[in-house]
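Protein chains in written order, with our numbering: chain L, 1 to 130; chain U, 1 to 131; chain Z, 1 to 300.
Treat the hints as calculated values from the structure; they're not laboratory data.
Quantities reported herein were computed from a predicted structural model and do not represent experimental measurements.
Where hints are given, some of them may not hold.
[Unchecked claim] No more than 30 Å apart at the CA atoms, straight line, and that leaves these computed lysine-lysine pairs for DSS-like: (1) U:K90 x U:K118; (2) L:K36 x L:K8; (3) Z:K261 x Z:K224; (4) U:K131 x Z:K224; (5) U:K118 x L:K101; (6) U:K2 x U:K124; (7) Z:K28 x L:K101; (8) Z:K102 x L:K101; (9) L:K101 x Z:K284.
In case you want the letters, here they are:
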Amino acid sequence: MDRIPILKFGNALLVTIQVDMHDRLATALEEDLTSKIVEHNAKGVLIDISALEIVDSFIGRMLDNIAAVSRILDADTVVVGMRPAVAITLVELGLSLTGVKTALNVERGMELIKARLRTSDTDEEDDVEE
Amino acid sequence: MKSERLDIRSSDDVVRVRQLTRTLAIEAGLSLVDQTKIITAASELARNTLDYGGGGVLLAELVEALGRRGVRLTFEDHGPGISDVEAALKDGFTSGKGMGLGLGGARRLSNEFSIQSKPGEGTKVAIARWK
Amino acid sequence: MAANTGTVVELVGSNEQTILPEWVDLQKKAGSLQTGRISEGELLSQSREFLHLLRDGLARGGTDASNPAYGPAKQLLADISRSRALQGFSPGETATFIFSLKQPLFNTLNRNTALSPAQASELTWSVTLLLDELGIFTLEVFQKSREEVIVRQQREIAELSTPVVKLWDGVLALPLIGTLDSQRTQVVMENLLQTIVETEAQIAIIDITGVPTVDTLTAQHLLKTVAAARLMGADCIISGIRPQIAQTMVHLGVELNVVSKATLADAFAVALDRTGRAVIKLRKTAAGSDKNLKPVEKGL
Chain L
1 MDRIPILKFG NALLVTIQVD MHDRLATALE EDLTSKIVEH NAKGVLIDIS ALEIVDSFIG
61 RMLDNIAAVS RILDADTVVV GMRPAVAITL VELGLSLTGV KTALNVERGM ELIKARLRTS
121 DTDEEDDVEE
Chain U
1 MKSERLDIRS SDDVVRVRQL TRTLAIEAGL SLVDQTKIIT AASELARNTL DYGGGGVLLA
61 ELVEALGRRG VRLTFEDHGP GISDVEAALK DGFTSGKGMG LGLGGARRLS NEFSIQSKPG
121 EGTKVAIARW K
Chain Z
1 MAANTGTVVE LVGSNEQTIL PEWVDLQKKA GSLQTGRISE GELLSQSREF LHLLRDGLAR
61 GGTDASNPAY GPAKQLLADI SRSRALQGFS PGETATFIFS LKQPLFNTLN RNTALSPAQA
121 SELTWSVTLL LDELGIFTLE VFQKSREEVI VRQQREIAEL STPVVKLWDG VLALPLIGTL
181 DSQRTQVVME NLLQTIVETE AQIAIIDITG VPTVDTLTAQ HLLKTVAAAR LMGADCIISG
241 IRPQIAQTMV HLGVELNVVS KATLADAFAV ALDRTGRAVI KLRKTAAGSD KNLKPVEKGL
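Make the full structure from the sequences, and use the hints.
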């Protein structure tokens, strides 16, 4: 079965969803991410959905679940790149994904994760200027 | 006008429903937001048909009325049916594993919505979105 | 009856030289040229062409306006009506084109001594009905054209009246003015979200100082916009909420987890702060004017 690749990026994981996902693929991604977070001791998970043309309640629930699970495992989940039409539709559908952090693009998402790491670990010095 | 039938038997068929809906929505000239809405609604209803109706069939039509074009989707299954349709339309209602946004959500995303269901006989849901 | 219409056809054909000037004269008296929207030459040629088509219609279709023989005549009327609607003629001025033809036509009928009084009155009646029907047709086309104009203008207003402006790098503002109906709010929403993507803005300020009332549906639309922007990764601040609008929102029962500020200036200050910037005064000025205030990057 196909699986969506998960890339390691410093102490964060990056997932780029590029296909029209069927439900099994979404479920597999949820499981894979959970084990990778533990395996790499990741502090952040970036999910890039800029290629997705729709997000229905199933994928919405997957994103919510990933965020909830990663929170328990001490990692931040940031969903990045949601298209305007997708955002409008999700809100109309009744899903606001309140437990999920969002950012405009991968770069901004990474800044969010870094910012959180900085507040939790003050020894780390990072350049944060834009 | 154009119409097409599609069996809904697996989660791959749900993907096919989305693709077919997209093709028709583009042909009807729906705006990007409207396309996204009807595709999302189609995805919700196709999953309902699969998960709760035990599979079924979609009739997808390109329609025209009063000079406006649109897409009409009719999902039909012969599953257990819904005994309380009103309750099923409320957010949060679910008899399965979903978030319970399927029916109510699909209604909000459509310009037209109708549902017929009899316990023990099945469910028929029709939605339409106009340009 | 058939013979009678034949008479009209003949009369219209042979008396064009008297009917046409009389008709055009009546139209001028009714003020068709007053506004200067069309020239006398144009009016004359439109009238002449219609008279010819009317004769053709009478010859082949009798006095029944629904007969296909009247197709070309109706087409011309539709064209004239449509162009007059766009030129800003009133419905009355437009209808005058047809109705003022009655008098010269009847005068011609009356001058013809070959007809018995009974025949003349019967003919007058059927021609009246014909012209009335054509007149109503003209008005219907006129009305429809005006409606099309209105729809187009509504769309233009909706697009023009919702400018998204960039206040600072990463900070957008959407100053809303006028009544927000659902349709317009939707255009606003899509516009704003699209601009957020294009400019990679982190914060969007929706200023509703210029909005007199917000109904339940509009308030919901605004809140949905805020929710959609958040899903995309941008924050919204709503500014300039009037007291009664605030009440509407509370009555809605919608939890206002939206940052709102009294004025656009306050909202801008918040936006600058969130993007790591602040406004400081460079030097003292006598009148305490704001001219020398300049945003600077705030060290973290």
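Numbers of unmet hints, in rising order: 5, 7, 8, 9
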